[in-house]
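Sequences and hints are given; from them, build the entire structure.
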Amino acid sequence: MALPHATSGQLIDIRPLGTRISSSVSNALFKTPQLELMRLVLPCGKGMPEHSVPGAVTIQCLEGAIELHAHQSTQTLRAGELVYLAGGEKHSLHALEDSSVLLTLLLQH
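Be aware that the sequence shown starts at 1, since it is given in my numbering, and climbs by one per residue.
Treat the hints as calculated values from the structure; they're not laboratory data. Since this is a predicted model, take the numbers as computed values, not measurements. Check each hint, because a few of them may be wrong.
[What the hints assert, rightly or not] In silico lysine-lysine, DSBU-like type, Cα no more than 30 Å apart, as pairs:
id	residue 1	residue 2
1	46	90
2	31	90
3	31	46
What follows is the structure, encoded as structure tokens:
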């Protein structure tokens, strides 16, 4: 069964998970034909292998610290920092600590 997504006008809590982070899982917050918003929970040492998506993406670190490899370089995102990647840009993520990130995808049709 699919998890319910937020509806138009519904508040979405994206505050840091704090002590609940180790028992939390990634989930899609909402999806429209043009846009998808997800909260990724990445335990320390885990990540996402290199990939690309057709549309633009933003990655905002909500808590913890993650390494982002994109544009042939690696940078660390910490809580409160956000990065934009153009569509088709190959990237990977690696959690340096238990982390959660807000991922926004512009969907191409």
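How the hints compare with the structure:
1. The suggested pairing of residue 46 with residue 90 holds, with an alpha-carbon distance near 18 Å, which does not exceed 30 Å.
2. A C-alpha spacing of about 22 Å is found between residue 31 and residue 90, which places the hinted pair at or below 30 Å, so the restraint holds.
3. At most 30 Å may separate the alpha-carbon atoms for a hinted pair to count; residue 31 and residue 46 meet this at roughly 25 Å.
Violation of the numbered hints given earlier is absent; every hint is satisfied by the structure.
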